[in-house]
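Chains as they are written, first to last, in UniProt numbering: chain X, 1 to 155; chain U, 1 to 155.
Wrong hints could be hidden among the right ones.
Copies of the same chain are indistinguishable here, so a pair counts whether it falls within one copy or spans any two.
As the list claims (entries may be wrong) - Restricting the straight-line Cα-Cα distance to at most 30 Å, the calculated cross-link-like pairs of lysine-lysine (DSS-like) are:
#1 K75 x K46
#2 K45 x K7
#3 K149 x K83
#4 K128 x K153
#5 K76 x K45
#6 K46 x K7
#7 K127 x K17
#8 K45 x K127
Please keep in mind that the hints were generated in silico from the structure rather than gathered at the bench. Being a predicted model, the structure only gives us computed values, none of them experimental.
There are 2 protein chains.
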Amino acid sequence: MIEIERKFLVTSDAFKKEATSKTFIIQGFLNTHPERTVRVRAVGKKGILTVKGKSSEDGTTRFEWETEIPLEEAKKLLQLCEKGIIEKYRHEVSFAKNLFEIDEFLGDNAGLVLAEIELNEVNQTFKKPSWLGEEVTGDIKYYNSQISKNPFKNW
Amino acid sequence: MIEIERKFLVTSDAFKKEATSKTFIIQGFLNTHPERTVRVRAVGKKGILTVKGKSSEDGTTRFEWETEIPLEEAKKLLQLCEKGIIEKYRHEVSFAKNLFEIDEFLGDNAGLVLAEIELNEVNQTFKKPSWLGEEVTGDIKYYNSQISKNPFKNW
Numbered sequence: 001m002i003e004i005e006r007k008f009l010v011t012s013d014a015f016k017k018e019a020t021s022k023t024f025i026i027q028g029f030l031n032t033h034p035e036r037t038v039r040v041r042a043v044g045k046k047g048i049l050t051v052k053g054k055s056s057e058d059g060t061t062r063f064e065w066e067t068e069i070p071l072e073e074a075k076k077l078l079q080l081c082e083k084g085i086i087e088k089y090r091h092e093v094s095f096a097k098n099l100f101e102i103d104e105f106l107g108d109n110a111g112l113v114l115a116e117i118e119l120n121e122v123n124q125t126f127k128k129p130s131w132l133g134e135e136v137t138g139d140i141k142y143y144n145s146q147i148s149k150n151p152f153k154n155w
Numbered sequence: 001m002i003e004i005e006r007k008f009l010v011t012s013d014a015f016k017k018e019a020t021s022k023t024f025i026i027q028g029f030l031n032t033h034p035e036r037t038v039r040v041r042a043v044g045k046k047g048i049l050t051v052k053g054k055s056s057e058d059g060t061t062r063f064e065w066e067t068e069i070p071l072e073e074a075k076k077l078l079q080l081c082e083k084g085i086i087e088k089y090r091h092e093v094s095f096a097k098n099l100f101e102i103d104e105f106l107g108d109n110a111g112l113v114l115a116e117i118e119l120n121e122v123n124q125t126f127k128k129p130s131w132l133g134e135e136v137t138g139d140i141k142y143y144n145s146q147i148s149k150n151p152f153k154n155w
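Looking at chain X on its own, in the form it has when it is part of the complex (with noise of 0.2 Å):
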């Protein structure tokens, strides 16, 4: 399927209050190449495996396949990961009836909160919360699969 994304800073804890769940989430990546990034992640108590494709040029497109595995398998499979696992909480929180979804990112990228929407259409407009900060879709950096390379301690 295509997916279409758009990428946000989040400028201060109020989203916690909104959330309707928080889960632990452990991601690596088998190749992080732009054109097919490969990601596994143990999320709660399921492992999932996505291959993303290269995003538009604008960065709200992007080919996506998922699958779910066994998570002591995914645990394997992330053991086999580029360098650079990566930790954080992935908060559920609907506002306006659009769902949130945002990252809080912890170890080396601790300090780092993004939050993401997904539209039906690249033009749909909606109501933005008083928490969501400059929007980042597309710059490469904000990528999970380059923060994995480059956390952001190191920014």
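Mind docking chain U on chain X? Use the hints.
Quick look at chain U alone, frame taken from chain X:
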């Protein structure tokens, strides 16, 4: 799991008379890094995604993880793969209670025929059929991930 395999050149077509199956395989790689290859296959009506780790020094053992996926999804992932999609026939031959998998490559690799035998132990002995030639276990040139980048016609 850890896989123990040995690989050989095939010196004649004689194996074809003994083959119990012949399957057309299209395969590509999302990643050809020797420490973590990610392979996509369309095998008959199935899709298969495989992750392999680094080989042991003698080339016989290697971490391998595999999952079946829908054929249509495999075909989409093949479009994302690195250049050098491989097409081949996989023949299966039982000989003296061992299974040999014989790859007859097509296209840019026509003329290359390789046999693999999977073993339970590194030092396990087995009977060699007459058509089995030189051993090439651990020779990186014969890895499918390398063949896809440097096809047989260029050797």
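Outcome of the hint check:
no. : hint        : verdict
1   : K75 x K46   : both (10 Å within a copy, 25 Å between copies)
2   : K45 x K7    : within (26 Å within a copy, 38 Å between copies)
3   : K149 x K83  : both (7 Å within a copy, 25 Å between copies)
4   : K128 x K153 : within (28 Å within a copy, 57 Å between copies)
5   : K76 x K45   : both (14 Å within a copy, 28 Å between copies)
6   : K46 x K7    : within (24 Å within a copy, 36 Å between copies)
7   : K127 x K17  : within (18 Å within a copy, 69 Å between copies)
8   : K45 x K127  : neither (33 Å within a copy, 45 Å between copies)
Violated hint for the displayed structure: number 8, the only one.
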